[in-house]
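Q: So the chains spell out like this:
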Amino acid sequence: MAALDQAETPDADTREIGDVLLRVDRISLYFGGVRALNNISFEVREHEILAIIGPNGAGKSSMLNVINGFYHPQEGTITYRGKTRSRMRPYQAAAQGIARTFQNIALFKGMSTLDNIMTGRLLKMHQPFWMQALYWGPAQREEIEHRKFCEEIIDFLEIQHIRKTPVGRLPYGLQKRVELGRALAAQPTLLLLDEPMAGMNVEEKEDMCRFILDINEEFGTTIALIEHDMGVVMDISDRVVVLDYGRKLADGPPDSVRSDPAVVSAYLGVGHD
Amino acid sequence: MFYREAGQFKVSYAADQAIFPIRQDQIGMAMILAVAYVVMPVAGSEYWLETIMIPFLVFSLAAIGLNILTGYAGQLSLGTGAFMACGAFAAYKLTTAFPDLNIIVALLLSGVAAAAVGIVFGLPSLRIKGFYLAVATLAAQFFLIWLFAKVPWFTNYSASGVISAPPRAVVGELYVTGVHATPQARYLFCLTLVAVLALLAKNMVRSSIGRQWMAIRDMDIAAEIIGIRPLRTKLSAFAISSFYCGVAGALWAFFYTGTVEPGAFDINRSFQILYMIIIGGLGSILGAFLGAGFIVLLPIVLSRLPLMLGLPISTATISHIEVMVFGTLIVFFLIVEPHGLARLWRIFKEKLRLWPFPY
Numbered sequence: 001m002a003a004l005d006q007a008e009t010p011d012a013d014t015r016e017i018g019d020v021l022l023r024v025d026r027i028s029l030y031f032g033g034v035r036a037l038n039n040i041s042f043e044v045r046e047h048e049i050l051a052i053i054g055p056n057g058a059g060k061s062s063m064l065n066v067i068n069g070f071y072h073p074q075e076g077t078i079t080y081r082g083k084t085r086s087r088m089r090p091y092q093a094a095a096q097g098i099a100r101t102f103q104n105i106a107l108f109k110g111m112s113t114l115d116n117i118m119t120g121r122l123l124k125m126h127q128p129f130w131m132q133a134l135y136w137g138p139a140q141r142e143e144i145e146h147r148k149f150c151e152e153i154i155d156f157l158e159i160q161h162i163r164k165t166p167v168g169r170l171p172y173g174l175q176k177r178v179e180l181g182r183a184l185a186a187q188p189t190l191l192l193l194d195e196p197m198a199g200m201n202v203e204e205k206e207d208m209c210r211f212i213l214d215i216n217e218e219f220g221t222t223i224a225l226i227e228h229d230m231g232v233v234m235d236i237s238d239r240v241v242v243l244d245y246g247r248k249l250a251d252g253p254p255d256s257v258r259s260d261p262a263v264v265s266a267y268l269g270v271g272h273d
Numbered sequence: 001m002f003y004r005e006a007g008q009f010k011v012s013y014a015a016d017q018a019i020f021p022i023r024q025d026q027i028g029m030a031m032i033l034a035v036a037y038v039v040m041p042v043a044g045s046e047y048w049l050e051t052i053m054i055p056f057l058v059f060s061l062a063a064i065g066l067n068i069l070t071g072y073a074g075q076l077s078l079g080t081g082a083f084m085a086c087g088a089f090a091a092y093k094l095t096t097a098f099p100d101l102n103i104i105v106a107l108l109l110s111g112v113a114a115a116a117v118g119i120v121f122g123l124p125s126l127r128i129k130g131f132y133l134a135v136a137t138l139a140a141q142f143f144l145i146w147l148f149a150k151v152p153w154f155t156n157y158s159a160s161g162v163i164s165a166p167p168r169a170v171v172g173e174l175y176v177t178g179v180h181a182t183p184q185a186r187y188l189f190c191l192t193l194v195a196v197l198a199l200l201a202k203n204m205v206r207s208s209i210g211r212q213w214m215a216i217r218d219m220d221i222a223a224e225i226i227g228i229r230p231l232r233t234k235l236s237a238f239a240i241s242s243f244y245c246g247v248a249g250a251l252w253a254f255f256y257t258g259t260v261e262p263g264a265f266d267i268n269r270s271f272q273i274l275y276m277i278i279i280g281g282l283g284s285i286l287g288a289f290l291g292a293g294f295i296v297l298l299p300i301v302l303s304r305l306p307l308m309l310g311l312p313i314s315t316a317t318i319s320h321i322e323v324m325v326f327g328t329l330i331v332f333f334l335i336v337e338p339h340g341l342a343r344l345w346r347i348f349k350e351k352l353r354l355w356p357f358p359y
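If you're matching them up, the sequences are chains A and D in order.
Numbering of the first sequence is given in my numbering, commencing with residue 1 and proceeding in unit increments.
Numbering of the second sequence is given in my numbering, commencing with residue 1 and proceeding in unit increments.
Chain D with its partners taken away, still in its complex shape (with noise of 0.2 Å):
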């Protein structure tokens, strides 16, 4: 009844190709930017900027970055928390070394290098699929993780081996990162950075290269027979995918802890991302949000409930029953949908446009 493309007529491909074609989810984009925009950083509170919006932000471009080589070009891996780290360690050796350089160029550039460490552990992919490719990238994952909390040019010979990320401003004294950034400024920051990329990702999923990707995702011996090098394909995938996490790494370094540490990025990083594209839905832009979402607030959302609902039950039980519950929901979810949040939101849309009839 509301939700109809009835009359929306299309005249033009170009019309056609749009990431929104049909006006409501146009109008219901529009809105979410607008309460991303506005009426998050007056009306969030310092907490919910911080601990809430902020690592959100950053899982969701993890969870792009992962969707992209396992959801799109069907590479497994469990790497994710080895290129979170290049990058966050990239952006921190970039900006100790370069103090001028501007902290979006750092970030980018830091992307870049977690990029390049990606196609070095991409090259396997050629011979060994699935699960064997797992193992490989878990390799990527143990080693970097070792290096950077042993040698210590890392950490620019830090004693302790946790360093702190300077700050830096994006222009002038409107300074995003270290202790004289406001919640909001970082907040406002990581969104529109995320807003672009999301919207870069999806740009490439529907172009060419993100055909490309599903085709060898879908079954590699056709596509290649169609013309597409398998080599070349894959590691494009693993150098877009390094990029997105290596710049999530760095945003959560420097906009989410404010410090940067090897084990912030350990194998449960790496599983925590996994969980969230799982549940997300493979191969969906949006079910990296979903995914991320699902993950992070539900945590917060379980613990609080007892308090607001007011129960007399102590901490430590709620933790408890958080875990349970949590492991409870993720399987329930798995066995209603194993597609993920994202396939169940394009149930409800069709339903919703057939609505109030059955078919």
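The shape of chain A in the complex, shown without the other chains (with noise of 0.2 Å):
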């Protein structure tokens, strides 16, 4: 499996910031009258760590439901590895190499760890279901190849000790980390996070940020993120988006961001004069 060997010799270069991955040209989505989106441009460029900043409701979910096909813009195109996108499903973004994770966890909670992340690795797996009925010689193989993988991921993660347990029987942190795991067992181009550090401890964000950062260098995984705490946002993020709502207010490095007077404006409240 060619894949396979792709992911286990990391290059060493893959931090450079390549070409654009995927662009957001003068996007705009409506509900009804409201207007989640307004003519909202981004570039996210391959191998970078993109933050997407904004208050509650600016639509920073909105723009990942968009990124990845669940929801369909009304005006804009997006263009994503030199292709602009028609109308698509989300199944479709997964076959391009977009993955997510959620806001609130969207984990099979039925599913043990180990299934839920291998059910992140089903786009690699092909062999037909009357094979995998025999469970015999080429689907056993399968199985037993994407297991390989998908315990490199759990060792990773270092979620060795929970991997048979039901997810739904998991603490909060752990599932977010499964949910996490079963995003990278499709070996994504894009990894789009929704707040993947709300409601975490310090302890647990200082995890999960090591896990942002060694995806991002081993792996050489473009990351586009949604997080509210700024102290985490400025140190990992290569680039800011602020959104807010529905209008871009700034888009630059961690520091300019940090100093543009319309950021502070819509977060800390500044009168206008």
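Heads up, a few of these hints could be off.
Unchecked claim - Anything over 10 Å on all C-beta distances counts as not near chain D; from chain A, calculated:
(1) R85
(2) D155
(3) D235
(4) I236
(5) Y267
To be verified - Computed list of lysine-lysine pairs in DSS-like fashion (alpha-carbon distance at most 27 Å, straight line):
(6) D:K129 with A:K109
(7) D:K150 with A:K164
(8) D:K150 with D:K93
(9) A:K109 with A:K124
(10) D:K93 with A:K164
(11) A:K124 with A:K83
(12) A:K109 with D:K351
(13) A:K164 with D:K349
(14) D:K351 with D:K10
Keep in mind the hints are simulated off the structure, nothing from the lab.
Beta carbons are placed, not taken as given, at the ideal position from N, Cα and C, and that holds for glycine.
Take each chain as given, in its own frame, and dock them per the hints.
A: Laid out in structure tokens, this is it:
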């Protein structure tokens, strides 16, 4: 499996920020009379960590939902890997290498940690169902091969001890980690993380930051994340996009965004005169 | 003390992914198979084999079918009876149209026919969920039974509408259906077919296709976002579930009652099988067997208990008490363990691992 080898031998220079991977161009999204996104444009470059921040209701999650095909914007175009995409379904985005996690955990509660991560790998599994029913020869080999890959993810995320535990029984922080594992199992090119650190304590946040940075550095995965913890955002991201009321306020490196007067006013509520 | 995996180390993923990874379970399963294959045909009376074991096996197969659809893929269905009828009538048409067709091939093809019908009636599942889907499958239940009763082509223009299954042999003179077939031959044929199909079902639910079904059941939005195509996955569940129900229907007609009639597959049959998987355990192949055993065996035990205890109760009273006790037990089990007998069995095993210590 060439795909497996690729992940096992990380390139040393994957951290070089490359070309534009995803370009969002003048996207507008309405829900009835509500403008969730208003003429938003930004770019995600290869191998970078892009943070999308903004107050509640700014349209951050809607933006992620647009990127992975869950919402269909009324105006604007999305260009992914040089191809402008037409209206598409989420599973097509997954096939193109876009994986994501959710703000409120969306794990498969009835399944074990291992099964959840194995499910994330299903696009790489090609045996027909009758071979799976016989569970013999190629089907069993495929199952074991992907089990090995998933065990590597389990090692990476340090969740060996909960491998066979049904995820419904796990504490919140671990569930978040399993969900990250499920997204990683697909070996995504672009990983969308919706508030990966929401509701975590300091230690869990530190772990999660470490995982995100490691994923970015070792696998060269491009990451777009939404986060409210400004300390985390300013520390780990290469670039920050700020949204407010569906409009883009700022876009740039963390330091310039931090001192942008529009951002400061949106966050701190400085009075306009 | 007896049931502990201590000292049984797994050195390969293949061993860790086995259906029965623990040696005690392997021994237990081997013993159950030995009883089923050797003790039952030798020691079991004709009555025991024909009216208890064969219907138990047929119901188990139908319950596996419904469990794939409802327990694993999360699509509620009330059309089980109709899909069984499809299998029964397809088997009848196939065996009468092609008398030389081997009975095994005929049974599998009738499963395929039921699967095709299942796909058609599964199409609404993309748009509607839960109880609403159950109502849509109810349409299949009433329409198909009506169709089989009204169109004389299905019964080969028989005047009475009730037709008997033709005698067929597996090889040579070894008859498994019709008047020549011995109960032992019929029982062993059913047992083998059900055991093989149950193994295949277990393999499917522990492979990629089973994980796709469970993903759709647990969180359909997340499933779609990791690349599962909802319609295709739901239809595959409908097809495979209907295949199992179809084969079960054909077994019912050919091996249990010996007659093919639409009335045997009415809405009550669908509910009966739904009860089996709810009591046995949704999302468990073992649960299908436990549920079928509970529903088939318990009424028989209840009706015989007063006689065995020597209580002077009239037969009419016994049958009333039987219904009341049966209903009470179902309610009791659902309150004590809503996840069914399979979950009770798992809890029992977890406790047994630690016994005699509480934790």
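Q: Does the structure break any of the earlier hints, and which numbers would those be?
A: 7 and 10
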